[in-house]
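Sequences are here, hints too, so could you generate the full structure?
Protein chains: 2
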Amino acid sequence: MSTQTKIDDVEFFYLKIPEVLDIGDGSQDALLVRLRAGGYTGWGECEAAPLVSIASWVCPMSHSACKPVSASVIGQPLESVADIRRIHNLVRANSMDLLQADHTLSGIDIALWDVLGKRLQTPVYRLLGYERAFPKVPYASLLFGDDPQDTLSRALKVRQQGFLAAKFGWGPFGQGTVGQDEQQLRAAREGLGKDGILLVDAGTAWGDDVEQAELRLPLLESADALWLEEPFESSALSAYATLASRAGKLRLAGGEGCHNFQQAKAMIDFAGLGYVQIDTGRVGGITAAKQVADYARDRGVSFINHTFTTHLALSASIQPFAGMEKNSLCEYPADPSALGRELSKTQLLPDGNGRIQLPDVPGLGIDPDPEAIEKYLVDVEIQFAGKRVYKTPSLVDG
Amino acid sequence: MSTQTKIDDVEFFYLKIPEVLDIGDGSQDALLVRLRAGGYTGWGECEAAPLVSIASWVCPMSHSACKPVSASVIGQPLESVADIRRIHNLVRANSMDLLQADHTLSGIDIALWDVLGKRLQTPVYRLLGYERAFPKVPYASLLFGDDPQDTLSRALKVRQQGFLAAKFGWGPFGQGTVGQDEQQLRAAREGLGKDGILLVDAGTAWGDDVEQAELRLPLLESADALWLEEPFESSALSAYATLASRAGKLRLAGGEGCHNFQQAKAMIDFAGLGYVQIDTGRVGGITAAKQVADYARDRGVSFINHTFTTHLALSASIQPFAGMEKNSLCEYPADPSALGRELSKTQLLPDGNGRIQLPDVPGLGIDPDPEAIEKYLVDVEIQFAGKRVYKTPSLVDG
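One line per chain: the protein sequences are A and B, in this order. Under our numbering, the first residue of the first sequence carries the number 4, and numbering increases by one thereafter. Under our numbering, the first residue of the second sequence carries the number 4, and numbering increases by one thereafter.
None of these hints come from the bench; they were simulated from the model. Warning: the hint list may mix true and false statements.
It does not matter which identical chain is meant; a pair holds if it fits inside one copy or across any two.
30 Å max Cα-Cα, derived DSS-like pairs, lysine-lysine [claimed, not checked]:
{"hint": "1", "residue 1": "Lys378", "residue 2": "Lys390"}
{"hint": "2", "residue 1": "Lys378", "residue 2": "Lys394"}
{"hint": "3", "residue 1": "Lys19", "residue 2": "Lys394"}
{"hint": "4", "residue 1": "Lys329", "residue 2": "Lys252"}
{"hint": "5", "residue 1": "Lys197", "residue 2": "Lys252"}
Structure, rendered in structure tokens:
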């Protein structure tokens, strides 16, 4: 008798804090994925609009290349890494014209690696071919303050917390005058001190306007920033390349908007990036992120995770480059929402040297704490042609 | 007292034929958009998964750059073309991290141009700056048959129907051996005759595998194909460029997967395309499509529409290059589903010379026929935290 392991069940949980604010904090809600196969349970997270991603799991087929994500997942054999890649490619082919599918696949793919790691009693980074996970230097990822004084306080605080590096982004940066941006950068540098690593995230503020970005280059040089992140929209490859050629020792960083391997490859090939930043919860999961990490290494571009939410997302986003010793920096959600903090009991906390280390345990090593987060669960229901196609499942008793 | 026109209402209608088949026919369902402003009604269509696109209209905010599309549309002033561009950019900024938003915006943007044209008593192509709409030579867009004999019959039929050009795609092409593809191409050429224009669509069959595509180049040359469409995934720019350099007089075509202007620009800049194919229902509507058309013209690449569904979508997709006389070809849904055929009473039918002409009437000139298509309307309901956030509106009495 065959005892082949198959994917038995995939559940989606829409979690949110009671009041979501109109700020650049992506940890205010979460779409958690629970996947069961052969008696094991894996977890993943989509860094994506939860309701829309749920709809892409349950929607009816539109045509042969626009199927719901579920059509390519439920019942699939899951015995090996090759099965994960096969399922990944199947979703991408069958849901090619369903735009949101890449974000939905991301959380599922993460859960697939987690469950396979648990079944094979192996950490995910080892399934990916790495012998060990090197410690990473976490940079605290923060929003710019509403004014320079606020930014200064935040920068002082992260140094007190032991972080050696910090990234400031969004908020008022790039939205006002060059002079205002200069004050913000000075405050960030002052708070971090001379030896702190300063990273700056423009949050696509300048669309594809190279001149607007170029006006900030002297300020960024004065503030000794290591990189400028997302000056432009993710696909504005020519604008990136032009700015990169004028940026001196400042490196450009980007890539969080990529929702598949090919887009990230195109950025590496044509955008003049110093750092390619990949969110495993958006790019198609660990499978696609590892492809990007390998390609970036071969092209001399530094791979780094994009993570602003939970420690489950953090573990998933570090696994793809865990074994790359040279890529020592990693993004770290330093000030997440209560939901972000409470999602898991296990957390990746900096050690005495200010570094974090992936746990040497099967899977991702970060299981959500259903009892703690049940209070954030939202009830969602979708009906199609009189039939209920989705209802929020039970998180605790499930 | 101000009498400024504002967007009063936007409604989404999920239409489908009773039985959607697992074939590459995108006309089996449709997401229709009805937009009301200042007493006028405009219509648009998303070439997108309907349920998922509806969810992206009504979903709750996740953070400042992940808002529902509705947040940037309802109540917005709509007096001029500048307002449409402003709304377009607002959606893209406020919903930057909501992947599906670009597809949803597409149908809304189309409806915005339609309603503004009606209010200003002007065809959309004139609002876009064209003095006139040149006639286009429609190519019949068809699926390859299951076998070469079937493909031959289809090719003979389109010539009998008066089409001078035809595109064959999907079905078995690229899925089997080179020999099988050769037989399919021979059958298509035989049916079209020596003077017919033959276009071939590989439907991304080869991922980013240049060698697999290259094996077909001699066959495509023998069959005297004008272009090879989508040999690879949309963002596989390097693979496109490499194949283009080896393709001789065969041109590469691609771009239907682009969901914003920057992605299409990157394809024009780096993929070595001869033809950039834009679906107005996916790329962000008429606003983004016109940006692509202008950029393509400046770079010597031919712009052409991608349309496989209704005559509303066809009009919307031709408007952006209606005034470009040199770009004489246009894609034409020659064999749509009953829904595609019945959506509108007015249709863009070929004249005695086998050419089609946009109507010289206000807006897009193609209004859906609610009474005829009500039978295809599906009832959808979405509830969030106990509150109904979407229910299919009435199409006929609305």
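Verification of the supplied hints:
1. Taking the shortest alpha-carbon separations for Lys378 and Lys390, both the intra-copy value of 28 Å and the inter-copy value of 18 Å come in at or below 30 Å.
2. In this assembly of identical chains, Lys378 and Lys394 lie within 30 Å of each other by CA distance both inside one copy and across copies; the values are 17 Å within and 27 Å between.
3. For the identical chains of this complex, Lys19 and Lys394 are neighbours both inside a copy (16 Å) and across copies (23 Å), given an alpha-carbon limit of 30 Å.
4. Taking CA atoms no more than 30 Å apart as the test, Lys329 paired with Lys252 passes inside one copy only; the shortest distance there is 19 Å, against 46 Å between copies.
5. Taking CA atoms no more than 30 Å apart as the test, Lys197 paired with Lys252 passes inside one copy only; the shortest distance there is 17 Å, against 59 Å between copies.
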